[in-house]
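Chains as they are written, first to last, in this note's numbering: chain X, 1 to 129; chain L, 1 to 148; chain U, 1 to 358.
No lab work stands behind these hints, which were simulated from the structure alone.
Each residue gets a CB set at the ideal place from its N, CA and C atoms; glycine is no exception.
Among the clues, some could well be false.
[To be verified] Output of the computed footprint for chain U on chain X, the stretches with three or more beta carbons under 8 Å from beta carbons of chain U:
no., segment
1, 42-52
2, 70-83
[Said to hold, decoys possible] Computed list of lysine-lysine pairs in BS3-like fashion (alpha-carbon distance at most 30 Å, straight line):
no., chain 1, residue 1, chain 2, residue 2
3, L, K124, U, K133
4, U, K173, U, K46
5, U, K173, X, K114
6, U, K282, U, K312
7, X, K21, U, K282
8, X, K53, U, K205
9, U, K312, X, K114
10, U, K46, X, K105
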Amino acid sequence: MQGEIMDIGLDNLLGETARIKVEGYRFVTISCVEINEIRMELLYHFDRNFQLKHLRLSISRDCRAPSISPVYFAAFLVENEIQDLFGIRFHGLTVDYDRTLYLEKDVKTAPFCKFAVVEKSPVCEEKTP
Amino acid sequence: MFEKILTRARMRSPWMLHFDCGSCNGCDIEVLACLTPVYDVERFGVVNTGNPMHADILLVTGTVNHRNRNVLRNLYDQMPGPKVVVAIGACGLTGGIFRQAWNVVGGVDRVIPVDVYVPGCPAKPEAIIDGVVMGLEKFMEKQHVDIS
Amino acid sequence: MTRTIIPFGPQHPVLPEPIHLMLTLDDEVITEAVPAFGFVHRGLEKLVEIRDFHQMIYVVERICGICSMLHAMCYCQGIEEMMGIETPPRARFLRVIWSELHRMHSHLLWLGLFADSFGFESLFMQFWKIREKILDIDEATTGNRIIVSVNVIGGVRKDLTLEQTRGILSELKSVETELKRLETTILNDYTVQNRTVGKGVLTAKQAYELGLVGPTLRASGVMQDARMLKYAAFDDIAFTPVVETDGDCYARCKVRFREVFQSIDLIRQAIGKLPNGEIAVKVKGRPDGEVTSRVEQPRGEVFYYIRANGTKHLERLRVRTPTFANVPALLTMLPGAGLSDVPVIVLSIDPCISCTER
Numbered sequence: 001m002q003g004e005i006m007d008i009g010l011d012n013l014l015g016e017t018a019r020i021k022v023e024g025y026r027f028v029t030i031s032c033v034e035i036n037e038i039r040m041e042l043l044y045h046f047d048r049n050f051q052l053k054h055l056r057l058s059i060s061r062d063c064r065a066p067s068i069s070p071v072y073f074a075a076f077l078v079e080n081e082i083q084d085l086f087g088i089r090f091h092g093l094t095v096d097y098d099r100t101l102y103l104e105k106d107v108k109t110a111p112f113c114k115f116a117v118v119e120k121s122p123v124c125e126e127k128t129p
Numbered sequence: 001m002f003e004k005i006l007t008r009a010r011m012r013s014p015w016m017l018h019f020d021c022g023s024c025n026g027c028d029i030e031v032l033a034c035l036t037p038v039y040d041v042e043r044f045g046v047v048n049t050g051n052p053m054h055a056d057i058l059l060v061t062g063t064v065n066h067r068n069r070n071v072l073r074n075l076y077d078q079m080p081g082p083k084v085v086v087a088i089g090a091c092g093l094t095g096g097i098f099r100q101a102w103n104v105v106g107g108v109d110r111v112i113p114v115d116v117y118v119p120g121c122p123a124k125p126e127a128i129i130d131g132v133v134m135g136l137e138k139f140m141e142k143q144h145v146d147i148s
Numbered sequence: 001m002t003r004t005i006i007p008f009g010p011q012h013p014v015l016p017e018p019i020h021l022m023l024t025l026d027d028e029v030i031t032e033a034v035p036a037f038g039f040v041h042r043g044l045e046k047l048v049e050i051r052d053f054h055q056m057i058y059v060v061e062r063i064c065g066i067c068s069m070l071h072a073m074c075y076c077q078g079i080e081e082m083m084g085i086e087t088p089p090r091a092r093f094l095r096v097i098w099s100e101l102h103r104m105h106s107h108l109l110w111l112g113l114f115a116d117s118f119g120f121e122s123l124f125m126q127f128w129k130i131r132e133k134i135l136d137i138d139e140a141t142t143g144n145r146i147i148v149s150v151n152v153i154g155g156v157r158k159d160l161t162l163e164q165t166r167g168i169l170s171e172l173k174s175v176e177t178e179l180k181r182l183e184t185t186i187l188n189d190y191t192v193q194n195r196t197v198g199k200g201v202l203t204a205k206q207a208y209e210l211g212l213v214g215p216t217l218r219a220s221g222v223m224q225d226a227r228m229l230k231y232a233a234f235d236d237i238a239f240t241p242v243v244e245t246d247g248d249c250y251a252r253c254k255v256r257f258r259e260v261f262q263s264i265d266l267i268r269q270a271i272g273k274l275p276n277g278e279i280a281v282k283v284k285g286r287p288d289g290e291v292t293s294r295v296e297q298p299r300g301e302v303f304y305y306i307r308a309n310g311t312k313h314l315e316r317l318r319v320r321t322p323t324f325a326n327v328p329a330l331l332t333m334l335p336g337a338g339l340s341d342v343p344v345i346v347l348s349i350d351p352c353i354s355c356t357e358r
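Throw the hints in and build the complete structure from the sequences for me.
Spelled out as structure tokens, the structure:
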């Protein structure tokens, strides 16, 4: 994969993002990948003059992640999408659709997950798992 | 007498409503291309309208999903009878290449009754015009049923 | 005057596609706009579990019918990079020719719809009449008008004969003359200027920070075009991005109009330099690893993230389409605009909803 990849944790995600913004990077997108029953992976992609930079965040399925939309406003859309399709909840979203961007109100499952998960309230918040 | 004139008039100037419910745009822009000078569906008196309450023919492209099925149902209910539904493209008929995707219900006929099926991926403008003309014949039959 | 909430869409005469906007109005001025999605969501990224990586080409082509060729090209380039396949030079030039034809027909389509959004219907008809010529070229060379299906992993499926390239060049000549005739109408007409100049302004800083891509970004004065990455045959072709500085709807219209002429030029260059040889190489093995791939679509840069695990099914395919990146611009541009300008501003980012929701 082109560009440098950096592994980060939940506690320094917002700090790193803010630093990247100061360096003049443009937000590209976030990709979510399901690793196994417990772990998920969030990949944050940024771009400056066609040089990509990726932040790799490994997260437990029932954790709430901090939203980067206060730093990069454009991130709200993709974070809402991940909320809908993968069931990871974000806190601090600037525009929160509360899992109704693509889903109907009564849907409780996460359609993109291979392992059937029914949504329950997140157990841990903002801790490095 | 008046009914006869009305029937004839409606047959010669049907207004169509186009609704894209989850197609990939391929059939969509072909429907629009029908209105433009090269294909020109207006020679059959067909005019594109945005208001379902003025429409006689409903052209539907694309698959039905869990959210837009209510919109489609609504549009169909708002149209005055007699009305004709033309489903366009492989996705509109059965779900096409997307039939196994998680948010796809299937073809248009899962939600509303369909009169004419136009196959193709995407359907060609010639095929769509043919479908609309076939729809007009069905429209004529429906009117006779309504009057008698 | 009290606050009013007006729903815009999902079925709207101006929009060919279902997007829903909740507009909060104070008198005639918009104070807040919240888009709602989900009317076209199909969940195509999930299909990688059912279809193998060759079959996925036909699925990604149908993410969007207007830029289908470029979706397939981006996906194939990603897989080729992952598997270490070197595509033959002729295939790379042919990809440029078809992708620029696609850009032309998409821009002409947009110019027509844009004219229609402020009620200039005769201009809409004129642009779509010219567009049919491009579609005729597509049909003559590939067999289909819109979804051309020429890309395979390792090259392209169809070749161009000498007569066909001559035919393309002569058709392009007539397209160019007809477009020149419309230039005064779309760029200098009083009606057009009145409805577009100064509407939906974005400064360069705003546009860059919102992460916008494509003509929407270039109209604000930022020179960013994924073709500068020199993918396919763009390293052998002279190319400078089209940039405008005003950042309003008129500038976006000007960028797209000038890009049509640029595409004509690029196709001429590509046909002039078209090398002889194979059009595809044989593909052996299965993809493994992760890769990102980028291509400039008519609406902007498309971003693919592909992860594979050595089996015939990919593990994850993530598509970030240009409209997905451009939608946040609407939330910035619409507040403060008049209700009558909503269709013009919404269309000025060239929204493609089936791309956005996949």
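Results for each hint:
Look at the segment 42-52 of chain X against chain U: 4 of its residues bring a Cβ nearer than 8 Å to a Cβ of that chain, three or more, so the hint holds. Judged by the Cβ-Cβ criterion of 8 Å, the segment 70-83 of chain X is covered by chain U as claimed, because 6 of its residues qualify and three suffice. Taking the CA atoms of K124 of chain L and K133 of chain U, the gap is about 15 Å. The hint holds against a cut of 30 Å. With a CA separation close to 43 Å, the supplied pair K173 of chain U and K46 of chain U exceeds the 30 Å bound.
Simply put, K173 of chain U and K114 of chain X have alpha-carbon atoms about 53 Å apart, too far for the 30 Å limit, and the pair is violated. Simply put, K282 of chain U and K312 of chain U have alpha-carbon atoms about 16 Å apart, close enough for the 30 Å limit, and the pair holds. Annotation: proposed proximity of K21 of chain X to K282 of chain U is violated, straight-line Cα distance about 43 Å (limit 30 Å). For the suggested pair K53 of chain X and K205 of chain U, the alpha carbons sit about 20 Å apart, so the restraint of at most 30 Å is met.
Restraint check for K312 of chain U and K114 of chain X: satisfied, since their Cα atoms lie roughly 17 Å apart, inside the 30 Å limit. Note on K46 of chain U and K105 of chain X: the hinted pairing holds, with a Cα-Cα distance of about 21 Å set against a maximum of 30 Å.
Violated hints for the displayed structure, listed by number in ascending order: 4, 5, 7.
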